[in-house]
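Q: Guided by the hints, dock chain D onto chain S, whose structure is given.
Those protein sequences? They're chains S and D, same order as listed.
Under the working numbering, the residue at position 154 of the first sequence is numbered 154, and the numbers go up by one with no gaps.
Under the working numbering, the residue at position 275 of the second sequence is numbered 275, and the numbers go up by one with no gaps.
There could be a bad hint or two in this list.
Treat identical chains as interchangeable: a pair holds within one or across any two.
[As the list claims (entries may be wrong)] Lysine-lysine pairs mimicking DSSO-like chemistry, simulated, CA-CA at most 30 Å apart:
(1) K46 <-> K314
(2) K133 <-> K70
(3) K177 <-> K235
(4) K190 <-> K235
No lab work stands behind these hints: they were computed from the structure.
Protein chains: 2
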Amino acid sequence: MKNILLRFLNILTVPVLLITLSCSTNQNKNSEFGLVIHGGAGNIIKGSLTPEQEKEYETKLQEALETGYKILIAGGSSIDAVEKVINILEDSPLFNAGKGAVFTANGINELDASIMDGRTLNAGAAARLTHVKNPISLVRKIMDISEHVMLVGEGAEIFAEQNEIKLVDSSYFFTEKRWNDLQKIQIEKKAINKDQANFNSYNPDYKFGTVGCTALDKNGNLAAGTSTGGMTNKKFGRVGDSPIIGAGTYANNNSCAVSATGHGEFFIRGTIAHDISALIEYKGMSLNDAADEVINKKLSSMGGTGGIIAIDKKGNIAMPFNTAGMFRAFVLDDGKFVVKIYKE
Amino acid sequence: MKNILLRFLNILTVPVLLITLSCSTNQNKNSEFGLVIHGGAGNIIKGSLTPEQEKEYETKLQEALETGYKILIAGGSSIDAVEKVINILEDSPLFNAGKGAVFTANGINELDASIMDGRTLNAGAAARLTHVKNPISLVRKIMDISEHVMLVGEGAEIFAEQNEIKLVDSSYFFTEKRWNDLQKIQIEKKAINKDQANFNSYNPDYKFGTVGCTALDKNGNLAAGTSTGGMTNKKFGRVGDSPIIGAGTYANNNSCAVSATGHGEFFIRGTIAHDISALIEYKGMSLNDAADEVINKKLSSMGGTGGIIAIDKKGNIAMPFNTAGMFRAFVLDDGKFVVKIYKE
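Bound conformation, chain S alone (with noise of 0.2 Å):
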């Protein structure tokens, strides 16, 4: 009987471990070529969604990649996947990029960005926007033609309409939703009487939704980008991580590609995205191990919360978040488009 069991277990055991392999291989093969993108992280659990809006959500990331792939599959660079991927994202009213950008205290929208081409380790970035209609266009602009790497306010906005960088008015950025966000969260801070003299002040509920891009080409050439509309209520001029090369985005060919989201202050003091990026190059590690070093240890142990996606030269990519859920999807060689939105 003991015998019997044995052999049964043995046929069961190669379909199984083909299945186990299969799963946690399907992040981790080695691909041509792929593109990971980021819609932001946040507290977003099972429920506070409804499935017209998680619809929503998946038709937009959706979208977003099949225009990335699109252009990676045809043998298309991987700088231009993410400055279109992101165009997407920011055109949407539903990430906080671009025509969704959340609202600072005094009731204007200031948008940041910056992009990295990990062949040259060239870089654009930009803060402070308020009439940019895509500032991932701007920052790529700045990499390309600029001998500067980082522009901010009025003068980045001269510099875009110097370059036919589209320019709107700052009422293009106007969302019901983004403004209610800020009435709401003015409500709060006034009934707790928040001050800010602490970082774990920052409430834990703020639903981020920064937008990002990574990706792969068929050249072996990285990219990374971020785009943002800060956090709501910012004040004092406030940037965070999103413009920030090595925090909120970083490119190296020798490395990987990462672009972040997320509570902004703890990623620039923890250089999240060249923080992954080095630990690859000096200590050898996996992709994914990297990036579960410095979100699921690192970060959380500072107390930050967000999440990162990355991609490395072989394809591998990464997706790790410490907060209940992050917009995010992928697709590799295989044509497999993966949307997801909770933790699993």
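A: Frame of chain S; chain D shown alone:
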């Protein structure tokens, strides 16, 4: 005869070796505490400064060192030493920070700074300040009492005003020398019809003067800070590496504290300060080897110019630069003050 010569050489060997060891360990012996400062790297060749100018720089660097040394030997914190030392350099018109800040293309002064505490990884940063007398004291305040890391522009100055950081009229930053530098560079630019399209178009004769300080205190805590007026004739709200945590400034008790000076765009693209830290922490390099690798190999191969100062948790220091000179100085627990300008 040959034997006598050999015996003579043998006798010589011992003191020669001792002298050599003494030289090479001068900057690399362990020290209970220590302080390293810079006042900018650039094309500072012997003969470009008069003996009187040399003396002026040396005296001011010595004064700054003494200020920090007094704090550290009395058991004060590295973060206090960094702030107070940089205050001295900011208040001097000799350096491109605070009082001696360079002019933008629009003829104003825009100051940037950042500070980081290696014990907590807390950090503060600010950019595009036009009225803050001591930017390093503002970023210290941002780090200490704000929930944010980086504040930019007028918002940062409103925060400064609300928190008793000294504001001055913008005329405070006028110095004839810097004004003349602006006129000169604008004429040169016109002459060569320089556009914005090429990193290499950057004038290698440009003299930087960013200031920075890194310190180790008796409790084993590291700190770093950097303050600058940026680049003469900068346009479009350009921000360099000085206010970028991980690029111009980084401190981590697990590795080292770094402050950078040079052509900021390359320091951002290379995430220079964090890269040195990562080579120590993840690759087990010595501070000297890591700093040399990043400045003399990586930065140089990108075409970037400048240097860094650094101190590690054991009191080893490094001051590499790939320009003709760098205003630099250090003191360790032996109380010996060393001030240098030119390459040796």
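Q: All the hints need checking, so say for each whether the structure fits it.
A: How the hints compare with the structure:
1. For the homomeric pair K46 and K314, neither the shortest alpha-carbon distance inside one copy (33 Å) nor that between copies (50 Å) is at most 30 Å.
2. For the identical chains of this complex, K133 and K70 are intra-copy neighbours only, at 23 Å inside a copy versus 53 Å across copies, given an alpha-carbon limit of 30 Å.
3. In this assembly of identical chains, the alpha carbons of K177 and K235 lie at most 30 Å apart only when taken from the same copy (20 Å versus 36 Å across copies).
4. With identical chains, the CA atoms of K190 and K235 are at most 30 Å apart within one copy only, with a shortest distance of 15 Å there and 40 Å across copies.
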